[in-house]
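Participant: Each chain, letter by letter, is given below.
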Amino acid sequence: MSERGTYFDKVWDRRVVQRLPGDSALLFADRVVLYELLGAKAALDIEERFGGRLYDPQRIVAVTDHIAPAKDGDSAQQAQALRLWARRNGVRMYDIGEGGICHVVVGERGYVTPGTTVCCSDSHTCTLGAFGAIALGAGTTAIEGAMLGGALVVKRPKVMRVQVNGRLASGATAKDLALKVSQMLGFRGGVGYVLEYAGEAIEALTMEQRLTLCNMAIEAGATTGIIAADATTYDYLAAAGVDVTPDDALRADADARYDATLEIDASALGPMISWGTNPGESVPIDDAVPADADPAALAYMGLTAGQKLRGLAIDQAFIGSCTNARLSDLRAAAEVFRGRHVSVPTIVTPGSERVRRAAEREGLHEVFQDAGALWTHSTCGACCGLSMGVLAPQMRCASSSNRNFPGRMGEGGRVHLAAPVVVAASAVLGRLATADELEPALTEVHA
Amino acid sequence: MIVEGPVLPLDRANVDTDQITPGRYLVGMNTDNLAAIALSGVPGAAELLAAHPDAAVLVARENFGCGSSREHAVWALLQRGIRAVVATSFGRIFEENAYNNGLVPVTIGESDLDALMHAQTLRIDVERGTIAVPAREDSPEREIAFELDPLRREYLAGGFLAFVERQIPDVRAWEAAHSTP
Ligand code: SF4
Numbered sequence: 064m065s066e067r068g069t070y071f072d073k074v075w076d077r078r079v080v081q082r083l084p085g086d087s088a089l090l091f092a093d094r095v096v097l098y099e100l101l102g103a104k105a106a107l108d109i110e111e112r113f114g115g116r117l118y119d120p121q122r123i124v125a126v127t128d129h130i131a132p133a134k135d136g137d138s139a140q141q142a143q144a145l146r147l148w149a150r151r152n153g154v155r156m157y158d159i160g161e162g163g164i165c166h167v168v169v170g171e172r173g174y175v176t177p178g179t180t181v182c183c184s185d186s187h188t189c190t191l192g193a194f195g196a197i198a199l200g201a202g203t204t205a206i207e208g209a210m211l212g213g214a215l216v217v218k219r220p221k222v223m224r225v226q227v228n229g230r231l232a233s234g235a236t237a238k239d240l241a242l243k244v245s246q247m248l249g250f251r252g253g254v255g256y257v258l259e260y261a262g263e264a265i266e267a268l269t270m271e272q273r274l275t276l277c278n279m280a281i282e283a284g285a286t287t288g289i290i291a292a293d294a295t296t297y298d299y300l301a302a303a304g305v306d307v308t309p310d311d312a313l314r315a316d317a318d319a320r321y322d323a324t325l326e327i328d329a330s331a332l333g334p335m336i337s338w339g340t341n342p343g344e345s346v347p348i349d350d351a352v353p354a355d356a357d358p359a360a361l362a363y364m365g366l367t368a369g370q371k372l373r374g375l376a377i378d379q380a381f382i383g384s385c386t387n388a389r390l391s392d393l394r395a396a397a398e399v400f401r402g403r404h405v406s407v408p409t410i411v412t413p414g415s416e417r418v419r420r421a422a423e424r425e426g427l428h429e430v431f432q433d434a435g436a437l438w439t440h441s442t443c444g445a446c447c448g449l450s451m452g453v454l455a456p457q458m459r460c461a462s463s464s465n466r467n468f469p470g471r472m473g474e475g476g477r478v479h480l481a482a483p484v485v486v487a488a489s490a491v492l493g494r495l496a497t498a499d500e501l502e503p504a505l506t507e508v509h510a
Numbered sequence: 048m049i050v051e052g053p054v055l056p057l058d059r060a061n062v063d064t065d066q067i068t069p070g071r072y073l074v075g076m077n078t079d080n081l082a083a084i085a086l087s088g089v090p091g092a093a094e095l096l097a098a099h100p101d102a103a104v105l106v107a108r109e110n111f112g113c114g115s116s117r118e119h120a121v122w123a124l125l126q127r128g129i130r131a132v133v134a135t136s137f138g139r140i141f142e143e144n145a146y147n148n149g150l151v152p153v154t155i156g157e158s159d160l161d162a163l164m165h166a167q168t169l170r171i172d173v174e175r176g177t178i179a180v181p182a183r184e185d186s187p188e189r190e191i192a193f194e195l196d197p198l199r200r201e202y203l204a205g206g207f208l209a210f211v212e213r214q215i216p217d218v219r220a221w222e223a224a225h226s227t228p
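Residue numbers (our numbering), protein chains in the order written: chain A, 64 to 510; chain B, 48 to 228.
In isolation and in its complexed conformation, chain A is listed as follows:
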């Protein structure tokens, strides 16, 4: 298998501690990330069952993000359990006020470097594959194993090359590319594969754009996503204060063999929007709901086949999540909001407290607040429907997050996934829209 020569294989081979039956391997776990909602239990289990023995507390990072700060007694217990455990064990914890969404915090602080592995009890860990690392979401037990034994048992996936040619069209964003990949592969087209994104368009992406793209690999069922490290990666890490020497041997062979290839022309992309109940159910915003749409999805979303999506009235807008709440996302959204006003309740939640402070130094918080949006501290918040913007049944929300599953943002709530600029334009107009529909802004408002 290792003769495939893909970038993923090169990283894999560097991290194999031991080969195991059935094409699995024990991989070294360079980083283990925990957060309160699904991590506190793993941490306490290790204490109960193994006397708290950790392979290496320095390799573990903990955050509070899903419900942060706690909203009730139960969520407070989880956060407090993780907090006290971290303190007892010398584990670095980024708590409220300092941290933010785990995948954002871990990335911006340079915890993930090319050629290594990172795991977390969260399916969107695939985000961090943008650093040229193997980034794996895992369950509680597997994370316990990584904390206890410093290693992960992983079945070697097939490798799909997602070849993105051309340059991203000026009206398109990394989110549109991510939704396009989801649409093309469908909700399970990536099962059994890692998606290795490559090509001219990928090389031209910034780190933040790469993170957005990799974030949604799981939404096609893929094991994870990965992008070969290059100058963009090393420059970003250097700016984050991590000194890693670029490693020329760490790259895909010119004649690498992929198990499958998906080709996309980035220059033909435009704004995408999801219409259904999984991210694969996405289309260009000017397309209608497909004629062969799943009736259950239509019923849940309150839509009919053939219905136009542009112009659909919304009840809420959310810009946030580990997909699209980094500084460049907030800047892009702010450009749409500047001098304008929202017409539905709108929440803007930065990806981390670092991002929040950087945005505030640029005055972006003023732009959001002048536009009538709620500017919050960093948290997962509305993305997972547990606090800070839960939808009521049948409420329709344009969201820059990654999941539109039934009930994801609140029981019965309807989610349309889109890029931050699309969500911002939709917030202003109160309907699914793009920024080119907007009247010229009242520029004097924010003089």
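What the hints contain is simulated information worked out from the structure, not anything from laboratory work. Take the hints with a grain of salt, since some may be wrong.
[Unchecked claim] To give an idea of the interface, some chain B residues facing chain A are shown, with a C-beta separation under 7 Å as derived from the structure:
| hint | residue |
| --- | --- |
| 1 | D65 |
| 2 | C113 |
| 3 | S115 |
| 4 | I140 |
| 5 | N147 |
| 6 | V151 |
| 7 | P197 |
| 8 | G206 |
| 9 | F207 |
| 10 | L208 |
| 11 | D217 |
Please read all numbers here as calculations on a predicted model, not as lab measurements. Backbone N, C-alpha and C define an ideal beta-carbon position, used for all residues, glycine too.
Chain B with the ligand: place on chain A using the hints.
Facilitator: Only chain B with the ligand this time, still in chain A's reference frame:
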């Protein structure tokens, strides 16, 4: 290991873990109270569960357990009495979690699924890798073969963490010989 019992026919694809255990039930430290909320985010599941109170084998269509990594999805099904899930494919993390907790994840071909979906009870022989489908008016009794992951099947009895623990010396030796951040 034999899993035998009434079928819960969940005739849906892409049942994600948010539907199996909605996020609001993940809040709090108690994970032993999930039986009552298993599948509560699946439309129509309440009636289905009420009609099959003693179900032990859940049969579903493709991509069962996709989405969020929450192990609660597996715990909830186990607490509800489900010992095996049969589907044409699984979400990767759900399948791993299933092995790690002794919930048998059985992958079969599309062509066999309908017969299982309509069966009243099934008998799964985990060692032999066979599902016995009882006879019905229009079809004789038959057996469907399946394969479990050769490594992870060993974890069904609860041995995953013990396995990892035994590897610690090797992991330390590996780390000493390699450069890591
Ligand atoms: S922002 Fe949303 S998708 Fe990302 S980790 Fe938080 S809950 Fe999960």
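Participant: Run every hint past the structure and note whether it holds.
Facilitator: Against the structure, the hints come out as follows:
1. A least Cβ separation of about 5 Å between B:D65 and chain A falls short of the 7 Å threshold, and the interface hint therefore holds.
2. Proximity of B:C113 to chain A holds as hinted, the smallest CB-CB distance being about 6 Å (cut-off 7 Å).
3. Checking B:S115 against chain A by beta carbon gives a least distance of about 5 Å; that is within 7 Å, so the hint holds.
4. Taking 7 Å as the C-beta cut-off, the interface hint given for B:I140 holds, the closest approach to chain A being about 6 Å.
5. For the restraint placing B:N147 at the interface with chain A, the shortest Cβ-Cβ distance is roughly 4 Å, inside the 7 Å limit, so the hint holds.
6. Look at B:V151: its Cβ only gets to about 16 Å from chain A, farther than 7 Å, so that hint breaks.
7. Given the 7 Å rule on beta carbons, the hint for B:P197 holds: about 4 Å separates it from the nearest Cβ of chain A.
8. With a least beta-carbon distance of about 11 Å to chain A, the hint placing B:G206 at the interface is violated under the 7 Å criterion.
9. Contact between B:F207 and chain A, as hinted, is supported at the beta carbon level, the nearest pair being about 6 Å apart and thus within 7 Å.
10. Because the beta carbon of B:L208 sits about 6 Å from the nearest beta carbon in chain A, less than 7 Å, this interface hint is met.
11. Because the smallest distance between the Cβ of B:D217 and any Cβ of chain A comes to about 6 Å, under 7 Å, the interface hint for this residue holds.
Checked against the numbered hints listed earlier, the structure breaks hints 6, 8; every other hint is satisfied.
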